[in-house]
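Here's the letter readout for the chains.
There are 2 protein chains.
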Amino acid sequence: MLNETMTALGKHRSTIREIFEYGNRRAVEVGRENVFDFSIGNPSVPAPDAVRQAMLAEAAGDPVALHGYTSAPGAADARQALADDLNRRFSTDYTADNLYLTAGAAAALSCAFKAMACPGDEFVVLAPYFPEYKMFIEQGAGGKCVVVPPSVTDFQIDFDALAQRLNQKTKAVVINSPNNPSGVVYTEATIQRLAALLRDKARAFGHPIYLISDEPYREIVYDGLTVPFVPHYYEDTVVCYSYSKSLSLPGERIGYVLVPPRATDSGDLYAAVCGAGRALGYICAPSLFQRIAARCANMTSDISVYQTCRDLLYDGLVEMGYTCVKPEGAFYLFPQTLEPDDRAFCERAKQYDLLLVPGVDFGAPGHMRISYCVQPDTIRRALPLFGKLAEDYRK
Amino acid sequence: MLNETMTALGKHRSTIREIFEYGNRRAVEVGRENVFDFSIGNPSVPAPDAVRQAMLAEAAGDPVALHGYTSAPGAADARQALADDLNRRFSTDYTADNLYLTAGAAAALSCAFKAMACPGDEFVVLAPYFPEYKMFIEQGAGGKCVVVPPSVTDFQIDFDALAQRLNQKTKAVVINSPNNPSGVVYTEATIQRLAALLRDKARAFGHPIYLISDEPYREIVYDGLTVPFVPHYYEDTVVCYSYSKSLSLPGERIGYVLVPPRATDSGDLYAAVCGAGRALGYICAPSLFQRIAARCANMTSDISVYQTCRDLLYDGLVEMGYTCVKPEGAFYLFPQTLEPDDRAFCERAKQYDLLLVPGVDFGAPGHMRISYCVQPDTIRRALPLFGKLAEDYRK
Numbered sequence: 001m002l003n004e005t006m007t008a009l010g011k012h013r014s015t016i017r018e019i020f021e022y023g024n025r026r027a028v029e030v031g032r033e034n035v036f037d038f039s040i041g042n043p044s045v046p047a048p049d050a051v052r053q054a055m056l057a058e059a060a061g062d063p064v065a066l067h068g069y070t071s072a073p074g075a076a077d078a079r080q081a082l083a084d085d086l087n088r089r090f091s092t093d094y095t096a097d098n099l100y101l102t103a104g105a106a107a108a109l110s111c112a113f114k115a116m117a118c119p120g121d122e123f124v125v126l127a128p129y130f131p132e133y134k135m136f137i138e139q140g141a142g143g144k145c146v147v148v149p150p151s152v153t154d155f156q157i158d159f160d161a162l163a164q165r166l167n168q169k170t171k172a173v174v175i176n177s178p179n180n181p182s183g184v185v186y187t188e189a190t191i192q193r194l195a196a197l198l199r200d201k202a203r204a205f206g207h208p209i210y211l212i213s214d215e216p217y218r219e220i221v222y223d224g225l226t227v228p229f230v231p232h233y234y235e236d237t238v239v240c241y242s243y244s245k246s247l248s249l250p251g252e253r254i255g256y257v258l259v260p261p262r263a264t265d266s267g268d269l270y271a272a273v274c275g276a277g278r279a280l281g282y283i284c285a286p287s288l289f290q291r292i293a294a295r296c297a298n299m300t301s302d303i304s305v306y307q308t309c310r311d312l313l314y315d316g317l318v319e320m321g322y323t324c325v326k327p328e329g330a331f332y333l334f335p336q337t338l339e340p341d342d343r344a345f346c347e348r349a350k351q352y353d354l355l356l357v358p359g360v361d362f363g364a365p366g367h368m369r370i371s372y373c374v375q376p377d378t379i380r381r382a383l384p385l386f387g388k389l390a391e392d393y394r395k
Numbered sequence: 001m002l003n004e005t006m007t008a009l010g011k012h013r014s015t016i017r018e019i020f021e022y023g024n025r026r027a028v029e030v031g032r033e034n035v036f037d038f039s040i041g042n043p044s045v046p047a048p049d050a051v052r053q054a055m056l057a058e059a060a061g062d063p064v065a066l067h068g069y070t071s072a073p074g075a076a077d078a079r080q081a082l083a084d085d086l087n088r089r090f091s092t093d094y095t096a097d098n099l100y101l102t103a104g105a106a107a108a109l110s111c112a113f114k115a116m117a118c119p120g121d122e123f124v125v126l127a128p129y130f131p132e133y134k135m136f137i138e139q140g141a142g143g144k145c146v147v148v149p150p151s152v153t154d155f156q157i158d159f160d161a162l163a164q165r166l167n168q169k170t171k172a173v174v175i176n177s178p179n180n181p182s183g184v185v186y187t188e189a190t191i192q193r194l195a196a197l198l199r200d201k202a203r204a205f206g207h208p209i210y211l212i213s214d215e216p217y218r219e220i221v222y223d224g225l226t227v228p229f230v231p232h233y234y235e236d237t238v239v240c241y242s243y244s245k246s247l248s249l250p251g252e253r254i255g256y257v258l259v260p261p262r263a264t265d266s267g268d269l270y271a272a273v274c275g276a277g278r279a280l281g282y283i284c285a286p287s288l289f290q291r292i293a294a295r296c297a298n299m300t301s302d303i304s305v306y307q308t309c310r311d312l313l314y315d316g317l318v319e320m321g322y323t324c325v326k327p328e329g330a331f332y333l334f335p336q337t338l339e340p341d342d343r344a345f346c347e348r349a350k351q352y353d354l355l356l357v358p359g360v361d362f363g364a365p366g367h368m369r370i371s372y373c374v375q376p377d378t379i380r381r382a383l384p385l386f387g388k389l390a391e392d393y394r395k
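Sequence order for the protein chains is A and B. Here the first sequence is numbered in this note's numbering, starting from 1 and rising by one per residue. Here the second sequence is numbered in this note's numbering, starting from 1 and rising by one per residue.
Hints are not guaranteed to be accurate.
Same chains, same label: a pair holds when it works inside one copy or across any pair of copies.
Here are the simulated DSS-like cross-link-like pairs (lysine-lysine), alpha carbons at most 30 Å apart as the crow flies [unchecked claim]:
| hint | residue 1 | residue 2 |
| --- | --- | --- |
| 1 | K11 | K169 |
| 2 | K395 | K134 |
| 3 | K134 | K326 |
| 4 | K11 | K134 |
| 5 | K388 | K144 |
| 6 | K134 | K350 |
| 7 | K169 | K144 |
| 8 | K395 | K326 |
| 9 | K144 | K11 |
| 10 | K388 | K169 |
FYI, nobody ran anything at the bench for these hints, they're computed from the structure.
Given only the sequences and the hints, what does the whole structure look like? Please build it.
Right, here's the structure in full:
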C-alpha cells in the first residue's frame, strides 16, 4: 500500500547509522568511555569561533531579513561571497550565478543527479564510494548507478575497469577526493588521466560526460598536500560541496552546487539544478547559515587533531600487522579486515567494543572503515583492543 | 541531454517568484515605497524575541553538539518537546516517534508524497491549491496530481466534485486550511463531511485513503477562531507543518511530518517517510533550528498586524465593489478579478505597480491572490490604486 522501497529504506537504516545507534545503546550499558565508536563522520573539532561570532552578529540584525526566504538558489550576496572565496583560492572567475546553495552535499548531489538524469541514464561511481550515492541516483533521480570496483593497492582509479563501464548511456562519473571511506586523495596524474579518458569517450559517444566532484573533504588534507581543483582539469565538472566538515557544521546543512561557466550547456545545467531543487522540495538553503558560510568561507576548523589521530591510528595498526593504504585526507582509515568476510570481522570487533563499518557497504569488501574524528586518547585506548583482535586471528 | 523537465522548471520560475523578482527590478526604477508587492508570503512581522534569545543561549553551548548531525528524524529531545506542545494544545498523546523533523513544509510534503506513492497512484488536491503541490507529487514522488475545482462561493469543498475524483488509485487527499491562497478556514462541518466521505470511499475501495493536512498557517487565524485539529476527525491523517509562518522563520527551513499512532500502518508509514527523506537527500533538519523550534513551539510572532491588514484590505476592496470571500486566516485575500482573464487583469494592475498573482496558478481562474503580509500603511497607500483599477474597468 505504501511505497515499499521507501518503507524498506526507512526501516533498514544505513549500516553506519545502525552501528552508531548500537554504540549509543552500548554506551548506556558499559559507559561512553568504553565504547570505541568509529562509525560516523561527525566532526569532533568545534566550528571556528568565528562561526559563533557570526551567529551573534547576525542575531543582532533585522530578524525579518535574517530569517526570511532568500531567492531559491540562495541570497545573491552570499553566493557572491562564496564565489569570491573560490576565485581567490583557485584563480577562477566564478560569479554568484554559478553557485546554487543547498542544504549540504547530499542535497547538492541529489539536485545534480536529478538535473541530469533522463530515463535510462547511467551514473558511474568508483568504489569505495559513499553508499548513499546509489540511493540518490536511483530512488531520488531515477537513474542507474554503475559501480567500478576498487583499485585496492592504492585506491586511485582502475582505469580499465572504468573504461569498460562507460557507454552511450553514461551521463556522469562521480568522484570523491579526499575519499570517504579510504582517505585517499586522487593525484594530479589520476585527475589528468581521468579527464583524458572522459574527453575521449565523450567525443566517441558524441555527447558530454559530466564529472560530478563530491568534495566535502577538500580542505581536510595532511602533510601540506594540495588537492587538485578538478574544474581546472576537466571542463565538464560540476562540484558538490558542503561546509559540514571544513567548518564542522554537519547538522546545519549548508553547501552548494558549482556549475562552472565553461561546462557544456552551463546555463541550462544551472537551470536544471534549480528545477531539481524545486522538484525535490528544497525551497532555499537555511538562511542564517547562508550568511554564516559567506562570512566564514575562508577558514576551517582547527583540523590539526585529525592529523594527530591519523598518525596514531595508521602507525599503530600497521605496526600490528594490519594492511592499509595511507590516507592523506578526510578522517577515515580503510584497512583490510583480517578475514575476507568484513561483516564477520566487524561483528567480532564488537566483542572489544570497537565499532567499525564493513567495507562491503562502500563496494569494497574485505575492508573496514574507521572514522577517526575522535579524541586522540580514544585512539590510544582503542589500539590495544585492535591488537587483541589481531591476536585472536593469529590463534 | 539534461533532464528537460528540470531545465524547464528551473527556467520558468514559479509565477509568484517571477512577480517577486519583477517587483525587485521595478523598485530600483521607481523606489521601493512605490511598488506594492503583494506577491510573496514572506512574513512581515519579526520572529518572537524568544527566537533571538534561544539563538544566543544555544550559541553559548558546545558547538560540536549544537552543529552536529542529529539522528535522521531529528534530535529525540527536540521531537519530544514538539510532541509535548501538540499534546498540551490538542489533548493528544504523541511521542517523539510520531514526528519526523523536516526542512520546512515543502520537505514534509515531499517526504509524505514519496513515502506513499506507488506507480499509478493519485493524489487529490482541492483548488485553490498551492501550485508546488503538483510538482512535488509528479516530479518528486512520481504520482499523479488530480485537481478538484473550487467551490467559488465560499472556498469550502465541492463534495460532489471531490467524490467523482476518488477512485481505486486514490492514495491521499491534500487539504490546506487555513488556505493559501483563499485565506479560508475549513469549518468543523466541512472536516466532518470530508472524514465521512473518505471513510466511505476507503471502505468501498478496500484500502485506506490518507488525508495529508498541510497546515503551516494553523496558528494564523482571526476573530478568535479555532482551527479544527484534523487528526481528531479522521484517523488516517498525516500532518505537514512548518514554523515558517507561526514563528516567522521561512528561510530557516524547519517543520515536521506528524504520523499519528492511530493512522493505518502508522509504523510503516513513519518508516516510509524516513526512507523518503533519505531518497530525496535530506540528512536531518537544520540542527540549530531544531533546538530553537523546541524552545519556542508554544509561541507565535505577534500576528495582530495581519488582522489589521486583512480588515483594511477586505473592507476597502469590498467597498469599491470587489467580490471576495472573507478570509479567516493565513495572510492572503483571494478576490475575483474584474475580468474573467485573471492573467490579463494582473498585467493591467502592474500599470499601478500593484503586484498580484493570477488565480489560475492556484487552479482558480478569475481570481487574484493578494499577500497582505505587509505594513498596514502599504495597504492604505495601495487602496486608492485598487480604486483606480476598478474605475478603469467601469469605463
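Results of checking the hints against the structure:
1. When the C-alpha separation of K11 and K169 is checked against a cutoff of 30 Å, the pair qualifies only between copies, where the shortest distance is 25 Å, while the shortest distance within a copy is 32 Å.
2. Taking the shortest alpha-carbon separations for K395 and K134, neither the intra-copy value of 39 Å nor the inter-copy value of 63 Å comes in at or below 30 Å.
3. Proximity of K134 to K326 under the C-alpha cut-off of 30 Å is restricted to the intra-copy arrangement: shortest distance 26 Å within a copy versus 50 Å between copies.
4. In this assembly of identical chains, K11 and K134 lie within 30 Å of each other by CA distance both inside one copy and across copies; the values are 17 Å within and 28 Å between.
5. With identical chains, the CA atoms of K388 and K144 are never at most 30 Å apart, being 42 Å at best within one copy and 58 Å at best between copies.
6. For the identical chains of this complex, K134 and K350 are intra-copy neighbours only, at 27 Å inside a copy versus 48 Å across copies, given an alpha-carbon limit of 30 Å.
7. Taking the shortest alpha-carbon separations for K169 and K144, both the intra-copy value of 10 Å and the inter-copy value of 28 Å come in at or below 30 Å.
8. Taking CA atoms no more than 30 Å apart as the test, K395 paired with K326 passes inside one copy only; the shortest distance there is 27 Å, against 82 Å between copies.
9. When the C-alpha separation of K144 and K11 is checked against a cutoff of 30 Å, the pair qualifies both within a copy, at 23 Å, and between copies, at 26 Å.
10. When the C-alpha separation of K388 and K169 is checked against a cutoff of 30 Å, the pair qualifies neither within a copy, at 49 Å, nor between copies, at 59 Å.
The structure does not agree with the numbered hints 2, 5 and 10 stated previously, though it agrees with the rest.
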